[in-house]
Amino acid sequence: MTTLVYLLPAALFLGALGLSGFLWALRSGQYEDLHGAAERILIDWDDKLER
Amino acid sequence: MSCCAPGAEMVPDPGRVTPDLPSNQEIRLASRRLGDGIIQSDLSVPTVHCGACIQAIEAALAKLDRVEGARVNLSTKRVSVQWREGEVPPIIATLEGLGHPAHLFETDGDEKDGMLSGLVRAVAVAGFAAGNIMLLSVSVWSGAEGPTRDLFHWVSALIAIPALAFGGGIFFRSAWNALRHGRMNMDVPIAVGVSLGYAMSLYETVIHGEHAYFDASVSLLFFLLIGRTLDHLLRERARTAVKGLSRLAARGAMVLRDNGARDYLPVGEIEPGMRVLIAAGERVPVDGRIVQGTSDIDCSLVSGESTPLDADAGELVQAGMLNLTGPLTVEATAAAKDSFLAETVRLLEAAEGGRAHYRRIADRVAVLYAPVVHLTAFATFLGWMAASGDWHRAMTIAIAVLIITCPCALGLAVPIVQVVAARRLFDNGIMVKDGSALERLAAIDTAVFDKTGTLTLGKPRLVNRSSIDPAMLAIAAAMGAHSRHPLSQALAGLASPAGQPTFNEVREHPGFGIEAIAAGSTWRLGRRGWAGSNGRIGAEGKTGVTVLTRNGRLVASFEFEDALRAGADTAIAQLKHAGLTVEMLSGDTAAACAVVADALKLDRFTPALVPSGKVQRIRQLTNDGHRVLMVGDGLNDTPALGAAHVSIAPATAADISRNAADFVFLRESLWAVPLALDVSRRAGRLVRQNIAIAIVYNAIAVPIAILGHVTPLIAAIAMSASSVLVIGNALRLQGFAPTTTAPSATRAGIRAWVQPS
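Just so you know, the protein sequences line up as chains A and B, in that order. According to this note's numbering, the first sequence holds residues 1 to 51 in order. According to this note's numbering, the second sequence holds residues 1001 to 1757 in order.
Quick caveat, the hints were computed from the structure, so don't treat them as lab data. Beta carbons: idealized from backbone N, C-alpha and C, even for Gly. Don't take each hint at face value.
Using C-beta positions, here's what the derived DEER-type ranges look like [as the list claims (entries may be wrong)]:
hint, chain 1, residue 1, chain 2, residue 2, range
1, A, Gly29, B, Lys1601, 51 to 57 angstroms
2, A, Arg27, B, Arg1173, 19 to 25 angstroms
3, B, Asp1445, A, Arg27, 45 to 51 angstroms
4, B, Arg1507, A, Arg27, 56 to 62 angstroms
5, B, Asp1427, A, Ser20, 34 to 40 angstroms
6, A, Ala11, B, Arg1732, 37 to 43 angstroms
7, A, Ser20, B, Leu1713, 27 to 33 angstroms
8, A, Leu42, B, Asp1258, 55 to 61 angstroms
9, A, Leu42, B, Thr1502, 40 to 46 angstroms
10, B, Ala1721, A, Ser20, 29 to 35 angstroms
11, A, Arg27, B, Ala1608, 55 to 61 angstroms
Stretches of chain B that chain A covers, calculated by requiring three or more beta carbons in the stretch to come under 8 angstroms of a beta carbon on chain A [unchecked claim]:
hint, stretch
12, 1070-1080
13, 1127-1139
14, 1143-1155
Full structure from sequences and hints, please.
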């Protein structure tokens, strides 16, 4: 029972961390072009074009 | 090209006619100011399909002057370009040069989709809550007791609150809306079940009870929200895809002021009496009278007539017509809101209504389902009260009945099938506006087609090619490439890849034809009377009014007919095979209709109809008890599209027709129509199966619940099992081999729809 005192908050905190990470990614537009993101990883940009 | 379309100056070869590029003024009108002198233009680029395209486009655009940055969105097939204030960079011409034709799309009303992000956020929160509560519940089921169980219940109750607020809110609002208007939908039993389940569990927790249904309440929300989000994504994707198609209505026009100044005004600001310049290749923005200039006018979108008309000073033109060959000055006789286009909108609004009465299957089931469920739970409560007198026990069991009957499977049964069906259609280039369109399409027994632009491509095709000297054809093709006239374009398409003849001078005589001078001879391609008819060829073609002459002597005569859309004959045959009556309604002449009706073996056709005539015919069919599918593309079909039980439009249709239609097919082939019918009929069958599965599940689970044997563990297992069963059944739609066979509707077909003109 005593271990639950810190295990439960720890578990919930980690879960909430994941949730807030997802919400942040959603808000910053990372889910707006899933197809494009999959393709972009294969692109070799020239150095001068790197942004 | 005239001074009014500076965008064309960027085109490398000015002699050649390119598809209508939006002018710089149009780009400016469609762009947004971001501040600091940065302007953002959003363009739709339908041909982007891989990483190489992204790289090519972004690199090429970044090299342009004053372009700050360009970003391709592959999912929505759009490019957003940010550029500094000043002259508009040649964005569209650059994209055109890369082989990616681009066009502007409506940015107004295109603000971020708040509904979708709200739904995704709700799914995330509900998923988080469901996962954590399920972990705690498993501990309770496996034997946690006393204060530990109470602690777990309390923590679960806390975690459930945000899930109910974010996720439940969507259902509560919808249920409340339905009840307030005296209707019943699936969200009512969901809202009642979830909130009563939560309230009862909270009470159990307070009195240190053994059973709490927090996990059931929240995981129910989680599953249902997934279904709802998928449904929304489906509609959203169809909406953006349809929006990405090129606009066929004019966005603005060059207005000639009395003092000689020229202003580019948005269509909405043009008033009667203003003089508007319309360059070749532009659409007429408002109704008006031609005051200067000669040209040919393509009315196919407006009236359904396939042959272009001559336009001379004094004649009237209607909004939506396409000016083909020469610049025109038009005096507006009506503002945009009173123009032909707006008239069509009013007819459309009047015609819609039959469809508004359609009730979706899920709602029809809900009308029966919700009262039965609530009465059963209430009867259970009364029964246990009478039998045991223990109100707490009676209440617990009654709420267990509510939770176990909560229409999780039923809530997924319909949307999941429709999402899979829409996905299948999407892969075949067919957009579905919403789920009810699939249900309505499955019920039709009559198909009504428009002719020009639907059964036919609305583009002429040379029919007497074999009787023409190939050398003459090559010259005609090279000359045709200099004009926008559909007949010239048809000839230009036949150019041989090798050895293009070169001309010293090419001039277009609007309304008559093209004149070219090469090696001392004067060639004329156009009307027989103008080009010169004292030819040596004796055989006067029946319809061959288009001729090629050399120094006034006839050397070739061309016959054209409106080409049938690819796959039209097999599509009609398949529709008839599926038991439909197929009919054609057209604004074109009886003779032109008879040819098409004959070639396609149509059951009936009615020629020379005005827009309201088409609506009348569809009303008449509906009153005779038929369910009518309307397939059409023109402005004149739009009211009929609204009046029919369900409607389909090709991507080349007028904007307003595309918006009125339930389905839009992007590829050239008419095969899309029988395919959509086939898929929607199968989807209808699967929906009914899924509803049957849900009912069987209830028939088994409800007696167990009424007898008081349901624990939270059993409820969790039963509900997940039925949901998985329903989803699995829906996925079967993905695997079936279509009974309709696809013609070669591949990439060539996709390219064909991108630039309709």
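Discussion item. The hint says 27 to 33 angstroms between Ser20(A) and Leu1713(B); measuring C-beta to C-beta, is that right?
Written reply: 31 angstroms Cβ-Cβ, so the 27 to 33 angstroms window holds.
Discussion item. Against the range 51 to 57 angstroms, how does the distance between the Cβ atoms of Gly29(A) and Lys1601(B) compare: consistent or not?
Written reply: holds (53 angstroms)
Discussion item. If you count the residues of the stretch 1127-1139 of chain B with a beta-carbon closer than 8 angstroms to a beta-carbon of chain A, do you get 3 or more?
Written reply: holds (count 4)
Worksheet item: Holds or violated: 45 to 51 angstroms for the Cβ distance of Asp1445(B) and Arg27(A)?
Response: holds (49 angstroms)
Worksheet item: Taking the CB of Asp1427(B) and the CB of Ser20(A), does the distance hold inside 34 to 40 angstroms?
Response: holds (35 angstroms)
Item to complete: Tell me if chain A covers the stretch 1070-1080 of chain B under the three-residue, 8 angstroms CB rule, please?
Response: Held - the stretch 1070-1080 of chain B has 5 residues with a Cβ nearer than 8 angstroms to chain A, which meets the minimum of three.
Worksheet item: Has the hinted range 19 to 25 angstroms been met by the Cβ atoms of Arg27(A) and Arg1173(B)?
Response: holds (23 angstroms)
Fill in: Status of the given 40 to 46 angstroms range, CB of Thr1502(B) versus CB of Leu42(A)
Once the Cβ atoms are compared, 43 angstroms apart, the range 40 to 46 angstroms for Thr1502(B) and Leu42(A) holds.
Item to complete: State, for the Cβ atoms of Leu42(A) and Asp1258(B), whether the hinted interval 55 to 61 angstroms holds or is violated.
Response: Given a distance of about 59 angstroms, which is inside 55 to 61 angstroms, the answer is holds.
Item to complete: With respect to the beta-carbon atoms only, verify the hint that Arg27(A) and Ala1608(B) lie 55 to 61 angstroms apart.
Response: holds (57 angstroms)
Worksheet entry | Beta-carbon spacing of Ala1721(B) to Ser20(A) - inside the hinted bounds 29 to 35 angstroms or not | holds (33 angstroms)
Worksheet item: Is it true that Arg1507(B) and Arg27(A) lie within 56 to 62 angstroms of each other by Cβ?
Response: holds (59 angstroms)
In summary, this structure violates none of the numbered hints.
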